[in-house]
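Chemist: Sequence:
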Amino acid sequence: TARHVNTQMANAINVINSINPIGVFSAVNCVVASIHPDLLAESLPMQVKALGKNKLTIVTNTKNYGEINSLVKEIHSNAAVINEDEFRERITRENRAYSIAFTGGYGGVRNIGLYSSVRLQANCVFLDDDSFPAPDLFSKYALLFTQGAQLVNGQVIGHSGGVVRSVLTLAN
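Here this note's numbering is used: position 87 in the sequence shown is 87, and no number is missing along the way.
Be a bit skeptical, because a hint or two may be false.
[To be verified] Quick list of simulated restraints, FRET-style, between CB atoms: (1) 119 with 96: 13 to 23 angstroms; (2) 148 with 63: 32 to 42 angstroms; (3) 42 with 93: 32 to 42 angstroms.
[To be verified] Derived DSS-like pairs (lysine-lysine); straight-line CA-CA distance at most 25 angstroms: (4) 73 with 63; (5) 140 with 53; (6) 49 with 140; (7) 73 with 53; (8) 73 with 49.
Worth flagging that the hints you see were computed from the coordinates, not collected in a lab.
Beta carbons: idealized from backbone N, C-alpha and C, even for Gly.
Between the sequences and the hints, there should be enough to build the whole structure, so can you do that?
Modeler: Shown next as C-alpha cells:
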C-alpha cells in the first residue's frame, strides 16, 4: 500500500541520514539487483566496462548468492555482493525500528542499495541484471551529481533487447 511504501522510504531516509547527514558524495556506486545469474553473466562485463573507477554493488537473494558471488568476483574483484536475506536479518537485530525499510521485494532491495551507497560514500545508480549500459553512463551520472542533481531519472532504450543491445554488444 501507499502508506507502507511511505513508511518504508521514511525509515530508509532516517537510516541514511544517521550515517551521513550531509549527503554530498563525489563517487558513484552502481547497484544491480539480480536474481538471474544467467542474465548477469551476459550484462556484467559491459556494466563493469562502463563503471570506470566507480563502485559496484550487487544485491541478490540467498538462493542465488553463491553463484552470483562467484561470477561477480571473477569479473570485478572489488565488487560488493550483498545477500539481501542476511542483510535484513542483521538490520533487524541491530535496529528493529528501521527493518521495515528493507522489506518488500524490489523496494527493499532498492533501499539496501541506497544504504550500501551511503556506507561507501557514493551516489547511487541502479541497474537491472539485464541492463547493458552505454559506455559513458556512469561518467554522465557523476557529472550530474557534481552539478547538484539529487535525483536523476534514466531512460531504458530497447528494453526488450533488440537492436540497441545487439549494437552495443558488437561495439564492445
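Chemist: Decide, hint by hint, whether the structure agrees.
Modeler: So, going through the hints one by one against the coordinates:
{"no.": "1", "hint": "119 with 96: 13 to 23 angstroms", "result": "20 angstroms, holds"}
{"no.": "2", "hint": "148 with 63: 32 to 42 angstroms", "result": "40 angstroms, holds"}
{"no.": "3", "hint": "42 with 93: 32 to 42 angstroms", "result": "36 angstroms, holds"}
{"no.": "4", "hint": "73 with 63", "result": "17 angstroms, holds"}
{"no.": "5", "hint": "140 with 53", "result": "13 angstroms, holds"}
{"no.": "6", "hint": "49 with 140", "result": "14 angstroms, holds"}
{"no.": "7", "hint": "73 with 53", "result": "16 angstroms, holds"}
{"no.": "8", "hint": "73 with 49", "result": "15 angstroms, holds"}
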